[in-house]
Structure formats: C-alpha cells, structure tokens
Amino acid sequence: MEDKFKLDRETMALRVAKEFQDGNYVNLGIGIPVLAANYIPVGREVVFQSENGILGFGEITTLGEGDPDLVNAGGQTVRPAPGMSAFDHAESFTMIRGGHLDISVMGGFQVSEKGDLANYMVPERKIGSIGGAMDLAVGAKRLIVVMNHVTKDGKPRVVRKCTYHITAIESVNLLVTDIAVIEITDNGLVLKEVAPGWTPEEVQSLTEPTLIVDPDCHEIELM
Amino acid sequence: MEDKFKLDRETMALRVAKEFQDGNYVNLGIGIPVLAANYIPVGREVVFQSENGILGFGEITTLGEGDPDLVNAGGQTVRPAPGMSAFDHAESFTMIRGGHLDISVMGGFQVSEKGDLANYMVPERKIGSIGGAMDLAVGAKRLIVVMNHVTKDGKPRVVRKCTYHITAIESVNLLVTDIAVIEITDNGLVLKEVAPGWTPEEVQSLTEPTLIVDPDCHEIELM
Amino acid sequence: MPINKIMPSFDEAVADIPDGATIMIGGFGTVASTASLLLEALVRKGVKNLTTVSNSCGFGKDVWKLMGAKFPEDMDVLVRNNCIKKAIASAPVSAVYQNNFEKKLRAGEVELEMVPQGTLAERIRAAKAGLGGVYTPVGTGTAVEEGKETKIIDGKKYILELPIKADFALIKAHKADRWGNLVYRYSSRTFNGTMAGAAKVTIAEVDEIVELGELAPDEIHTPGIYVDRLVVRPEKYEEADEAEISQDAKESHEKYLERKSA
Amino acid sequence: MPINKIMPSFDEAVADIPDGATIMIGGFGTVASTASLLLEALVRKGVKNLTTVSNSCGFGKDVWKLMGAKFPEDMDVLVRNNCIKKAIASAPVSAVYQNNFEKKLRAGEVELEMVPQGTLAERIRAAKAGLGGVYTPVGTGTAVEEGKETKIIDGKKYILELPIKADFALIKAHKADRWGNLVYRYSSRTFNGTMAGAAKVTIAEVDEIVELGELAPDEIHTPGIYVDRLVVRPEKYEEADEAEISQDAKESHEKYLERKSA
Numbered sequence: 000m001e002d003k004f005k006l007d008r009e010t011m012a013l014r015v016a017k018e019f020q021d022g023n024y025v026n027l028g029i030g031i032p033v034l035a036a037n038y039i040p041v042g043r044e045v046v047f048q049s050e051n052g053i054l055g056f057g058e059i060t061t062l063g064e065g066d067p068d069l070v071n072a073g074g075q076t077v078r079p080a081p082g083m084s085a086f087d088h089a090e091s092f093t094m095i096r097g098g099h100l101d102i103s104v105m106g107g108f109q110v111s112e113k114g115d116l117a118n119y120m121v122p123e124r125k126i127g128s129i130g131g132a133m134d135l136a137v138g139a140k141r142l143i144v145v146m147n148h149v150t151k152d153g154k155p156r157v158v159r160k161c162t163y164h165i166t167a168i169e170s171v172n173l174l175v176t177d178i179a180v181i182e183i184t185d186n187g188l189v190l191k192e193v194a195p196g197w198t199p200e201e202v203q204s205l206t207e208p209t210l211i212v213d214p215d216c217h218e219i220e221l222m
Numbered sequence: 000m001e002d003k004f005k006l007d008r009e010t011m012a013l014r015v016a017k018e019f020q021d022g023n024y025v026n027l028g029i030g031i032p033v034l035a036a037n038y039i040p041v042g043r044e045v046v047f048q049s050e051n052g053i054l055g056f057g058e059i060t061t062l063g064e065g066d067p068d069l070v071n072a073g074g075q076t077v078r079p080a081p082g083m084s085a086f087d088h089a090e091s092f093t094m095i096r097g098g099h100l101d102i103s104v105m106g107g108f109q110v111s112e113k114g115d116l117a118n119y120m121v122p123e124r125k126i127g128s129i130g131g132a133m134d135l136a137v138g139a140k141r142l143i144v145v146m147n148h149v150t151k152d153g154k155p156r157v158v159r160k161c162t163y164h165i166t167a168i169e170s171v172n173l174l175v176t177d178i179a180v181i182e183i184t185d186n187g188l189v190l191k192e193v194a195p196g197w198t199p200e201e202v203q204s205l206t207e208p209t210l211i212v213d214p215d216c217h218e219i220e221l222m
Numbered sequence: 000m001p002i003n004k005i006m007p008s009f010d011e012a013v014a015d016i017p018d019g020a021t022i023m024i025g026g027f028g029t030v031a032s033t034a035s036l037l038l039e040a041l042v043r044k045g046v047k048n049l050t051t052v053s054n055s056c057g058f059g060k061d062v063w064k065l066m067g068a069k070f071p072e073d074m075d076v077l078v079r080n081n082c083i084k085k086a087i088a089s090a091p092v093s094a095v096y097q098n099n100f101e102k103k104l105r106a107g108e109v110e111l112e113m114v115p116q117g118t119l120a121e122r123i124r125a126a127k128a129g130l131g132g133v134y135t136p137v138g139t140g141t142a143v144e145e146g147k148e149t150k151i152i153d154g155k156k157y158i159l160e161l162p163i164k165a166d167f168a169l170i171k172a173h174k175a176d177r178w179g180n181l182v183y184r185y186s187s188r189t190f191n192g193t194m195a196g197a198a199k200v201t202i203a204e205v206d207e208i209v210e211l212g213e214l215a216p217d218e219i220h221t222p223g224i225y226v227d228r229l230v231v232r233p234e235k236y237e238e239a240d241e242a243e244i245s246q247d248a249k250e251s252h253e254k255y256l257e258r259k260s261a
Numbered sequence: 000m001p002i003n004k005i006m007p008s009f010d011e012a013v014a015d016i017p018d019g020a021t022i023m024i025g026g027f028g029t030v031a032s033t034a035s036l037l038l039e040a041l042v043r044k045g046v047k048n049l050t051t052v053s054n055s056c057g058f059g060k061d062v063w064k065l066m067g068a069k070f071p072e073d074m075d076v077l078v079r080n081n082c083i084k085k086a087i088a089s090a091p092v093s094a095v096y097q098n099n100f101e102k103k104l105r106a107g108e109v110e111l112e113m114v115p116q117g118t119l120a121e122r123i124r125a126a127k128a129g130l131g132g133v134y135t136p137v138g139t140g141t142a143v144e145e146g147k148e149t150k151i152i153d154g155k156k157y158i159l160e161l162p163i164k165a166d167f168a169l170i171k172a173h174k175a176d177r178w179g180n181l182v183y184r185y186s187s188r189t190f191n192g193t194m195a196g197a198a199k200v201t202i203a204e205v206d207e208i209v210e211l212g213e214l215a216p217d218e219i220h221t222p223g224i225y226v227d228r229l230v231v232r233p234e235k236y237e238e239a240d241e242a243e244i245s246q247d248a249k250e251s252h253e254k255y256l257e258r259k260s261a
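Chains as they are written, first to last, in numbering that gives the first Met the number 0: chain A, 0 to 222; chain B, 0 to 222; chain C, 0 to 261; chain D, 0 to 261.
Calculated from the structure, these hints are not laboratory results. The reader is advised that the hints may include incorrect statements.
Unchecked claim - Derived EDC-like pairs: lysine to aspartate or glutamate, alpha-carbon spacing no greater than 20 Å straight-line:
#  : chain 1 : residue 1 : chain 2 : residue 2
1  : C       : LYS254    : B       : GLU200
2  : C       : LYS64     : C       : ASP227
3  : D       : LYS103    : A       : ASP101
4  : D       : LYS174    : A       : GLU64
5  : A       : LYS17     : A       : GLU123
6  : A       : LYS160    : D       : GLU11
7  : B       : LYS125    : C       : ASP217
8  : B       : LYS125    : C       : GLU148
9  : C       : LYS64     : B       : GLU9
10 : C       : LYS199    : A       : ASP101
11 : D       : LYS64     : A       : GLU123
12 : C       : LYS147    : D       : GLU218
13 : B       : LYS125    : C       : ASP166
14 : D       : LYS156    : A       : ASP66
15 : D       : LYS44     : D       : GLU11
16 : D       : LYS156    : C       : GLU148
17 : A       : LYS140    : C       : ASP227
18 : C       : LYS156    : B       : GLU169
19 : C       : LYS174    : D       : GLU218
20 : D       : LYS155    : C       : ASP247
21 : D       : LYS64     : A       : GLU64
22 : D       : LYS150    : C       : ASP227
23 : D       : LYS174    : C       : ASP217
24 : C       : LYS147    : D       : GLU112
25 : C       : LYS150    : D       : GLU112
26 : A       : LYS125    : D       : GLU11
27 : D       : LYS254    : A       : GLU169
28 : C       : LYS69     : C       : ASP206
29 : C       : LYS69     : B       : ASP66
30 : C       : LYS155    : D       : GLU148
31 : A       : LYS140    : D       : GLU112
32 : C       : LYS150    : D       : GLU218
33 : D       : LYS69     : A       : GLU64
34 : D       : LYS150    : A       : GLU169
35 : C       : LYS64     : B       : ASP66
36 : B       : LYS140    : C       : ASP153
37 : A       : LYS125    : D       : GLU112
38 : D       : LYS150    : C       : GLU110
39 : B       : LYS3      : B       : GLU169
40 : D       : LYS156    : A       : GLU201
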C-alpha cells in the first residue's frame, strides 16, 4: 500500500479549486491552500480575500518585484487587480467572522469525525500561532481543509477526537487529502472520492473513525 | 425680577464658545449649541464633529447654496474645509462613545443636581427622538448644556431630580443658562457666574437644588 | 462568468422582498442619503407589515421638493402607504414637524423601538460582524435600559445590546463597479456604509456605475463582498403621484428657513 | 494657534513612554506596515517591562534587509533589547523561522497572551469605541475559552471578550496632514488603522506630510481626532548597530524563497 499513488501538493490544490463557484469570495491559508489560486476553473470569476485587509488582489509577484505595501497573509507580495479593495483589520474580520466569505481553505494537522479542526500547534513544539485561523474556521460559510491523510509516521490525521490543540469545533465541511475527499456531515464522515488506485477500504484503514462510503464514491475528479 | 436682563440665544452661544480650547474636538447639538460655532475665540483652532459622519467641516452655507451630500446633524448644508474627513455611522459613534470628543454641547429641558440630563422628550408630547443625544452625553469628555434657566411657566429647569425622561445620568459638567453659569461637581452645583444685574440669591430663587456660590462668583464673562 | 451585480430595474431589485420582511434603510434622514427609488419600488410592489431599521422615519417628499431635491421620496413613502408594522429607529419624529410616522404612532397604527443612535449603529455592525452582542455604557439609568441585561465591567455599568438582523438593506451610494464596490459622498456615507453587508441581502442605489478598476483600492468605502445588487438612478425622475405640496410641508419649510437664518 | 501634531524627532515623539507602559504596535508582521523608527527610538530611550499589543512579535531586521527593506527594524528590536515583559499577540511565532520572541518565550523571559486575530482586532476596537466588551463565537471549545465568561445568545455560544486598553499606539501610515488625518497604502492599513485612537496616545510614523486640505475628505482613512503625534520618516536610514546578517536569517530567507517559488 505504501507504493500507491498519492496526490502531490499541486494536485490537492487543483482538487480544492474545483470547489470554487462563480462569484465566490474565498480566503486561502498559507501552504497548499494558496496554491489553489492558480487553478480556478476556466470561466469562473473568484474573488480572494486575505485577512491582512485586501480583497480581489491579483497573482503573487515574481521574486524581487512587488510592492511591500501589498502582501497576502503569507507576506508574499501580490499584484493589484481591477476591483481590489483594502481595509483595516477590524473590517477584515468583520468580513470573516460575519459569514461574508463563501469559502475558507486551510491546512490542518487533525480533523475529527465531528468536523473539529486542529491546525495551529503541534504538541511537540508546544508553541504555535493562532493567527486568523480560529476566526476563519468559525466565520466562513464553508470550511475546506487540505492536508495529508496521515502523519509522517503513518498515523491517521482523520481522528475520532483531536489530540492536538483545537482551532475550532464542528467547523470543517470538506476535507481534501492526498488520498481522499471526505464530506463532514451530521451523520458522520462521507467518503466521496479516492485517489487513483485506492479503494475505500484502503482509505478506511488509514482513517480512525468509520467512514460512510458514498454510494457514488469514485476516483478523485480533477477537471 | 421679571424685568431683569437675560442672555439671548446668541449671547448664551458666545458664552459657551469661550469654553472651546485650542485644538478641541467639539460636537454642537441642534439649536443654540450650533450657534457657538460663530464665536470661536480669536486665534483658536477648533474642530467640529457632526454625528452624521463629518469632522472638520466649515460654516453653514447660505440658503439655496450647498451640497445636499454635505450636511450637519441638523440637516443644514455646510461648506467643506481643509482637513475635513467623512466616515460612516459606526465610526462616528466610535468617536463619540469612545471618549474622543473634548466637548459636547447640547440643549436641555432639565438638569439635576447630580448632573443628570433630560433633553429628548417633554412629557406632554409623549413622543420624542433620542437621536445621538444619549451617546453624546455619555461619551464626550466634557458635556456642556445650554438652556433657559426656567420653563415658559417660570418653573425651574435646574432640579433636584429630573421629572422628564432621562437622557443620561451624572453626565453634565457645565451648565450655561440665560442667567447663570453653573459647574456640576461631586459636591453639588457651583454657581460660577451670573448674568449682568443678577445676584446669586436671585439665581437661587429660580433653582430647585441649593447652589454652592463660588467665592469667586462674578458677572458672566463673554470675552 | 464575470460577476455582475447590476440589476436592470428598481422593481427587479426588490422583487423578492416579501411581506413581513425586516429591512434596513440607509441614510441619516436627509433625502440625499436615502435610497429613494428603491423605496418607491417597494411601495409599487405593495409590500406589507415591514419591520424597518433606520435612523429616522421620513419627512415626506414635499419637504424635500421645497429644498430642491431631484429624487424627493424618503422613508415616508413606506409610512404613508401603510407598508410598515414596526420601526426600529433613533430619531423617528421631528421637533419642528409632525411627520406621518408620528401621526400613525399616535393613532396606534405602527410600533416603535427607539434606540440611541450609536447603539443602533453598533447593533447593526454586530450583525454584520457576527458578534453575539456588545456592552455599551449608553442608556444606563434611562428608559433604554428597561428589560435589558446589564453588567458591571471594570467598575462601570454597561447594557448588553444585541445584533439587529435584517433580511434586506436598501442603501444609497455615489459610485459603484460591477463587483459592488462602493464609494459614498461626504455625509451621505452615514448609515449606508454601516448597513452595507449587515442584512442577508444588500441592495445599493447609486448615482453612477464605473468600470471595474476605476475605483482605487484605497478609496473604496464598502468592499463589494458586502453588496449583492446594484441599481443606477435614471437621468430623469418620474413622479408616481403628482400632487400639490401640502400646507404642513410649506409651514415646516418656513420654520426650517427661519432656523437656518437664525 | 493652528493645530500641529508634527513632532521634530522620533526621540521626542516617544520621550514620555515610561517603563511598564502598555503599547500597541501597528502593522501585520511585514516591516512595511511597521512603525520601525518609533520602535528604534523606544529602544534608544531604554524603556523596560513593556506590555505590547500586536499581531506578530517580529522577525528581525536581517530578514527584512535580505528582502530589500529600507527601514528594516520590526518589533524584534524591542524583543532582542529586552524591553518587553509581556506580549499580547495573535501570531507571535513563525512556522518557518524561530524568532527571538520564541527563544525568549521558551527561556521564560517573556509572557504571552495569545488572542485570535479577529478577536484581537475587535478587542482593540472595543477600547477605541468605549464598549465594555463584545461576544464573539470565535474560540469556543478551544484553549481561548479557558477562564472566560460564555453566554448562549439565540441558541449559539459566545465568549465575552474585553477591551484591550493601552497607553500608546505606535502606528505607520503613508500620508498625513498637520491635523493627523491619515492615509494608508493597501495592505499596510491593517492593524494600523484599527489601533489609531485605541490607546490614550496615538503616534503615527508617516512617509510624507502634506498640506491641510490635500487629502480629500472621502479618502481619509483615519480622521485626525484619533492621532496625537506625527513624525515623518527621513530620506536616509541610519543603522544603529551595523552587523553582519545572521546565518539564521539567511536560512530563513532561503526557505522563504523556496516557498515563494513553490
């Protein structure tokens, strides 16, 4: 099973981007999420928000270019784009907490079967940064988490109960991992898609809680 | 006593304006207060705020002129002036409630010996508008009330306890009437100035609570 | 598909506002800061039993016509056409003029919840910002405190004020682009800026629509995320019911002129 | 006398900040949004035992020099010079780089109160707006909830968050006039705009001072009432302690470049 194909970062980002609907307002976290901006489905207009106070900005600049007064939440300089607006932090989190974002995409360390998310501190480090994660997890209409299905040691990250520090309870709506796409529902975790070559049973074996296999469960759709 | 000289509206406004210090941020209510803008002591720069969301505006326009998008809280068109800024209502009352105004000047129906103010509803009418009065009374660093000393029927407006609907408790700092200037202190009402020709005793006779006559009590100073 | 929030008509912009809805009405009280044509469209639709959230409750078009306003209808159009069941407002009546709202209030035909102006702004913002409530020192010891929770924080008394949630917000702005980014002019920002995004659906009536990118990022007052629909004002105003200016309005205007010259 | 909030030097602007003060430090984390020269002046003054309120806790000037920043000091200058007793922050440490704050935190030399970013913004705003507190749904069921009052409002659980009050706010803006009206650029508005006016005294470091009236009323982001002092940045930057760029910073920069190209 170790040799099976797993989605790489770019492919996971591509799968996440499929979720962006026309006219959606989307916040992308640092790491894999931010890569999803490169894969907006053709013909859809999607507006990105960055919690440091910009909305509707353009792509990340090439190195050495860029305006230091125009950065995303990862500190990367981005281009201005038509329709862009800027605002202060209180306004930015009015947007976030107030449920105005359609989608927030974040990385994760653990996701529980109830949709609890842990993503700001690994226990070994003992110190981490909350940043905007708690607000984004609670505030967005839909929370998508993207992460590897297991830890480097092969332990499940999809767990019955988070053992890491919780970012937000009952908040994750969709989980995209390197081997599966899982919807978090009131009935439990529903396995919707599996990576090429994987069976639902193989995904289950790397997952702590019991998965409900969707009758329509199929290979991950990227296009 | 009825024939004694009482300050008219303009003179009361003039006396109020003497309180404006250099660089003060001041909100003027509808009626006599707004007239005080015409009497800023020579050489002092005072910045006026209007709760509908403008700061640092100029004088009231002459009739028929003026921009309908630039009005004061009384709905009168005012001129733009260098340094003027505009903002929304939440910001305007952040300014007001947050203690950023040095002085708020308002009209009044009754002021109690503890500094309670009643100014938004006369009992006979049964209906009145709170508007921004409660926020302005509570929020400004210093609240100056300007009103006639007695009602049309000759009843005291400076009372032991307000019988009209209260706007704010323990909030008035200075009271300017048509016959006196009274400071509201923790010890009680201190009579500081009287209108020309009036004695402290005569002012007391038209005032419900006992006045503490300031040792330095003198004729109202207008310049 | 490019985002396009521009609606072809005022009637279509308000077509789904049902009887009994709670609507926020932007502006301060002056007609220049009011979404006049959206309010007129709402009356044409014949909507009933509205709960309104606004600073004031209208002075009537006659008053504004006398002052030279091109689009003269304010919230009074809803009041006099019996569209309102309850108003939440800070300055519902005038000291110098008996408006239709006051007449209906005295006749028991409408309900009123009066809220201090800053508290009104903050309760609207709380809804927009996803807050459960805020503690304000304003109104302690007054009628506003009645029936509300209070709390001593840091030795000072505060009242718990809850968010005001609404179904629709009808606001007026100066310029917009197709994303719904808005710019206001001077004192006409007022409650328009505060209400944008505070209701489930925000509809903005604007003077002008510009190309995307024409509004500089740092000059936009309301980011488009808060705005759902846009309608642009026509060149010409067509009055629905042309009538003589009332005696009341003329008298009020006289008083206004006197106050102004005072 | 004309209002003039412009101070002749950074040292004079911070001269009355005492040991043990609580200071808000604007910006997001990037040095472009930081009042670098005010922070340096504070270090020159030799102030101790500060409580700071900020989004992050500094990355150090080496990192910013490698990125080409002209004024490279961020909050790290206070951290490495032992000016801080306690930090209130949302993102105090970095996932890719061990900053001096993390080292001191691990060594028990500083205290930390970590606050979710939106709650930090809202608590700062509450202080500015004279509110006693706000109820936020953020942090329920997490470590943030510990020791705090909660309340069910409309069927949903909220945490009571109290205002963060401070003695001074040190912020960075782009342009200012003598009244203290401020304009920011793009993402450098951030916590600078939120903190302006939230402390007893607000000091703004700006790129440029313009004549009163040059900033249009509708483009001003922070009205001058919120600003007490202004200092303008010099043409040239004079480095206090010229030193080689550390190995740590170089490695971090390499990692950053990798992430960026990823």
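Right, here's what the structure says about each hint:
1. With a CA separation close to 38 Å, the supplied pair LYS254 (chain C) and GLU200 (chain B) exceeds the 20 Å bound.
2. A threshold of 20 Å between alpha carbons decides the hint, and for LYS64 (chain C) with ASP227 (chain C) the separation of about 30 Å lies outside it, so the pair is violated.
3. For the suggested pair LYS103 (chain D) and ASP101 (chain A), the alpha carbons sit about 39 Å apart, so the restraint of at most 20 Å is broken.
4. With a C-alpha separation of about 23 Å, the suggested pair LYS174 (chain D) and GLU64 (chain A) falls outside the 20 Å cut-off, and the hint is violated.
5. Only pairs whose Cα atoms come within 20 Å are accepted, and LYS17 (chain A) paired with GLU123 (chain A) is rejected, the gap being roughly 34 Å.
6. Our distance criterion of 20 Å between C-alpha atoms is broken by LYS160 (chain A) and GLU11 (chain D), whose separation comes to about 55 Å.
7. For the proposed pair LYS125 (chain B) and ASP217 (chain C), the alpha carbon gap of about 47 Å is over 20 Å, so the pair is violated.
8. For the hint pairing LYS125 (chain B) with GLU148 (chain C), the CA-to-CA distance comes to about 25 Å; that exceeds 20 Å, so the pair is violated.
9. About 31 Å separates the Cα atoms of LYS64 (chain C) and GLU9 (chain B), which puts this hinted pair outside 20 Å; it is violated.
10. For a cut-off of 20 Å, the pair hint linking LYS199 (chain C) to ASP101 (chain A) stands: about 13 Å separates their Cα positions.
11. This hinted pair does not check out: LYS64 (chain D) and GLU123 (chain A) have alpha carbons roughly 32 Å apart, beyond 20 Å.
12. A distance of roughly 39 Å separates the Cα atoms of LYS147 (chain C) and GLU218 (chain D); the hinted pair therefore is violated under the 20 Å criterion.
13. Between the alpha carbons of LYS125 (chain B) and ASP166 (chain C) the distance comes to roughly 31 Å, so the proposed pair goes past 20 Å and is violated.
14. A hinted pair counts as satisfied when its Cα atoms are at most 20 Å apart, and LYS156 (chain D) with ASP66 (chain A) does not qualify at roughly 41 Å.
15. Annotation: proposed proximity of LYS44 (chain D) to GLU11 (chain D) holds, straight-line Cα distance about 10 Å (limit 20 Å).
16. With a C-alpha separation of about 17 Å, the suggested pairing of LYS156 (chain D) with GLU148 (chain C) holds against the 20 Å cut-off.
17. Pair hint LYS140 (chain A) plus ASP227 (chain C) holds up; C-alpha atoms about 16 Å apart against a cutoff of 20 Å.
18. The hinted pair formed by LYS156 (chain C) and GLU169 (chain B) meets the criterion: a straight-line CA distance of about 13 Å does not exceed 20 Å.
19. Restraint check for LYS174 (chain C) and GLU218 (chain D): satisfied, since their Cα atoms lie roughly 14 Å apart, inside the 20 Å limit.
20. Distance check on the hinted pair: LYS155 (chain D) and ASP247 (chain C) sit about 49 Å apart at the alpha-carbon level, beyond 20 Å; violated.
21. Note on LYS64 (chain D) and GLU64 (chain A): the hinted pairing holds, with a Cα-Cα distance of about 15 Å set against a maximum of 20 Å.
22. The hinted pair formed by LYS150 (chain D) and ASP227 (chain C) fails the criterion: a straight-line CA distance of about 32 Å is larger than 20 Å.
23. Between the alpha carbons of LYS174 (chain D) and ASP217 (chain C) the distance comes to roughly 12 Å, so the proposed pair stays at or under 20 Å and holds.
24. Restraint check for LYS147 (chain C) and GLU112 (chain D): not satisfied, since their Cα atoms lie roughly 32 Å apart, outside the 20 Å limit.
25. Of the supplied pair hints, the one linking LYS150 (chain C) and GLU112 (chain D) is violated, its CA atoms being roughly 25 Å apart against a limit of 20 Å.
26. Taking the CA atoms of LYS125 (chain A) and GLU11 (chain D), the gap is about 40 Å. The hint is violated against a cut of 20 Å.
27. Between LYS254 (chain D) and GLU169 (chain A), the direct Cα distance comes to roughly 34 Å. Violation of the 20 Å bound is thereby established for this hinted pair.
28. At roughly 12 Å between alpha-carbon atoms, LYS69 (chain C) and ASP206 (chain C) fall within 20 Å of each other, so this suggested pair holds.
29. For a cut-off of 20 Å, the pair hint linking LYS69 (chain C) to ASP66 (chain B) stands: about 13 Å separates their Cα positions.
30. In summary, the hint linking LYS155 (chain C) to GLU148 (chain D) is supported, as the alpha carbons are separated by about 17 Å, within the 20 Å threshold.
31. For the given pair, LYS140 (chain A) sits about 28 Å from GLU112 (chain D) by alpha-carbon distance, which is inconsistent with the 20 Å threshold.
32. Restraint check for LYS150 (chain C) and GLU218 (chain D): the C-alpha separation of about 38 Å exceeds 20 Å, so the hint is violated.
33. For the proposed pair LYS69 (chain D) and GLU64 (chain A), the alpha carbon gap of about 15 Å is at most 20 Å, so the pair holds.
34. This hinted pair checks out: LYS150 (chain D) and GLU169 (chain A) have alpha carbons roughly 18 Å apart, not beyond 20 Å.
35. For the hint linking LYS64 (chain C) to ASP66 (chain B), the alpha-carbon distance of about 15 Å falls within 20 Å, and the restraint holds.
36. With a C-alpha separation of about 18 Å, the suggested pairing of LYS140 (chain B) with ASP153 (chain C) holds against the 20 Å cut-off.
37. Between LYS125 (chain A) and GLU112 (chain D) the CA atoms are separated by roughly 14 Å; this keeps the pair inside 20 Å, and the hint holds.
38. A hinted pair counts as satisfied when its Cα atoms are at most 20 Å apart, and LYS150 (chain D) with GLU110 (chain C) does not qualify at roughly 30 Å.
39. Distance hint between LYS3 (chain B) and GLU169 (chain B) is unfulfilled; the C-alpha atoms sit about 31 Å from each other, more than 20 Å.
40. Distance hint between LYS156 (chain D) and GLU201 (chain A) is unfulfilled; the C-alpha atoms sit about 38 Å from each other, more than 20 Å.
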